[in-house]
Amino acid sequence: MAGKRSSGGRPLLLLLGLLVTVATVHLVACPYTKVEESFNLQATHDLLFHQLNVDEYDHHEFPGVVPRTFLGPLLLAAFSSPAVCVLSLLEVSKFYSQLIVRGVLGLGVIWGLWMLQKEVRRQFGATVATMFCWVTATQFHLMFYCTRTLPNVLALAVVLPALVAWLRHQWAHFIWLSALAIVVFRAELSLLLGLLLLLPLFRRRLSVATLLRHAVPAGLLCLGLTVAVDSYFWRHLVWPEGKVLWYNTVLNKSSNWGTSPLLWYFYSALPRGLGCSFLFVPLGTMDRRTHVLTLPILGFVALYSLLPHKELRFIIYAFPGLNVVAARGCSYLLNNYKKSWLYKAGTLLVIGHLLVNAAYTATSLYVSHFNYPGGVAMQRLHELVTPGTDVLLHIDAAAAQTGVSRFLQVNSAWRYDKREDLSPGTAGMLAYTHVLMEAVPEHLALYRDSHRVLASIVGTAGVSLNLTKLPPLDVNLQTKLVLLERVLRPS
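At position 451 of the sequence shown (counting the first as 1) the number is 451 in my numbering, and the numbers step up by one without a gap.
Among the hints, erroneous ones may be present.
[Stated by the list, open to error] DSBU-like cross-link-like pairs, simulated, lysine-lysine; straight-line CA separation at most 30 Å:
1) 34 x 310
2) 310 x 253
3) 34 x 253
4) 310 x 418
5) 344 x 118
6) 243 x 310
7) 118 x 243
8) 253 x 243
9) 338 x 118
10) 34 x 243
11) 418 x 34
12) 339 x 118
13) 253 x 418
Hints in this document: simulated from the structure, not taken from any laboratory.
Could you build the full structure based on these sequences and the hints that come with them?
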């Protein structure tokens, strides 16, 4: 009995190891972050290193367009603190603490995916569960984003166990997790989780009285928790997600960051997010059991499409559920491969689509590696300048938005400044011993007599097709940032 249990558990451990390994590869290949991840990452840093000294927190100087909740960073800091404390005692660079924090978030998402896999195994069988793991692991966006400190990813770590509770008909558990996800992290999840909730209500598996008995206290508790915690850190009475909801929907100011066509999520975001697995979703819907997943998810995407500003990460919660449906489609072909040559050809398509997904992921990860010149520049600075040098560094907006974080400010004797009220080449800029700035020729010319170029940092300028090589594309790189060192002291 023990031997059977051990041999049966080994493939499961390999699948779990697959998910963790792929997420780790994404993390190590792209260790830096973008501006969208900035608040949660900076807040986690401040909680870890400044703790109760709230005056030193980054958000007082750079609050962002709308306030964000500290509850996510508090959880990340709590789970990361043991490892970060050990690294601090060993005097290891804070850069590795950033990897720890992001790794903790990634493990939280993978834990949710693993719980979903177990429920899929129970309801649909081992083949579907195994294919779900392989489909998820070979796709780019879900694995790439799972370690990124975006509000959507923090919410995803709550949505996944909520989805599992919903599949298990654990309505109370589902309602409490839904309240946490909606009230604290992302209000738009009321669309997805609300649609999921309508099904048991419509089928009379959940009564309105039971719903209210859990939803009212859950909503009030989550609201009170986020208002209390965030009002303390922001120093005024605030419900962050309420402010975000008002800004994005009522004021519709998210459109200032660009708009997309109504059906963009369907013809662009979903195919890119799911990769070739998108083609197996219709086949998976042949199993009527998958309709309870497909309809609410597609309904959520359709409703969310009404907002003009669209980004793929806004619907990342749709990918795991659709992966279950795609995995069911794959298993239909795999389980019948002995019946005819058509099923055998279908089996080859299943295997081939995983290979194509993996190739697309590897290519996308390679291109993404060059998207963080700000982080690379900070690393180069600490490599090129001796630690004992007196350094006062100015970081411009282009660098701050492409990888610079407080975790990369590894020399406690140096001063790092991101102030935005100074123009290039002005007298105030000459006070800085080093300047990290965007590679604009007109701006660089202003420093020709006072600074020398210490390093030039390249970034992705585009991708072009090249059929003469594998993979058949060229990554076009150009200088994005320049690190300058002062050669003349200001008079």
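Proposed proximity, residue 118 with residue 339 (alpha carbon, max 30 Å): 29 Å, holds
Hint consistency between residue 253 and residue 243 [alpha-carbon to alpha-carbon, up to 30 Å]: 12 Å, holds
Pairwise hint evaluation, residue 418 against residue 310, where the allowed Cα distance is 30 Å at most: OK: residue 310 and residue 418 at ~29 Å, within 30 Å.
Pairwise hint evaluation, residue 34 against residue 418, where the allowed Cα distance is 30 Å at most: OK: residue 418 and residue 34 at ~15 Å, within 30 Å.
Given hint residue 310 paired with residue 34 - CA-CA distance at most 30 Å: 17 Å, holds
Restraint check for residue 118 with residue 243, where alpha carbons must lie at most 30 Å apart: Outside the cut-off at roughly 37 Å; violated.
Pairwise hint evaluation, residue 118 against residue 344, where the allowed Cα distance is 30 Å at most: Measuring from Cα to Cα gives roughly 28 Å; hence the hint holds.
Residue 34 paired with residue 243 [C-alpha distance capped at 30 Å]: 22 Å, holds
30 Å Cα cutoff - pair residue 310, residue 253: 12 Å, holds
Given pair status - residue 418, residue 253, alpha carbons within 30 Å: 25 Å, holds
30 Å Cα cutoff - pair residue 34, residue 253: 21 Å, holds
Restraint status (C-alpha distance of residue 338 to residue 118 at most 30 Å): Roughly 27 Å between the alpha carbons, so the hint for residue 338 and residue 118 holds.
In this structure, the one hint that does not hold is number 7.
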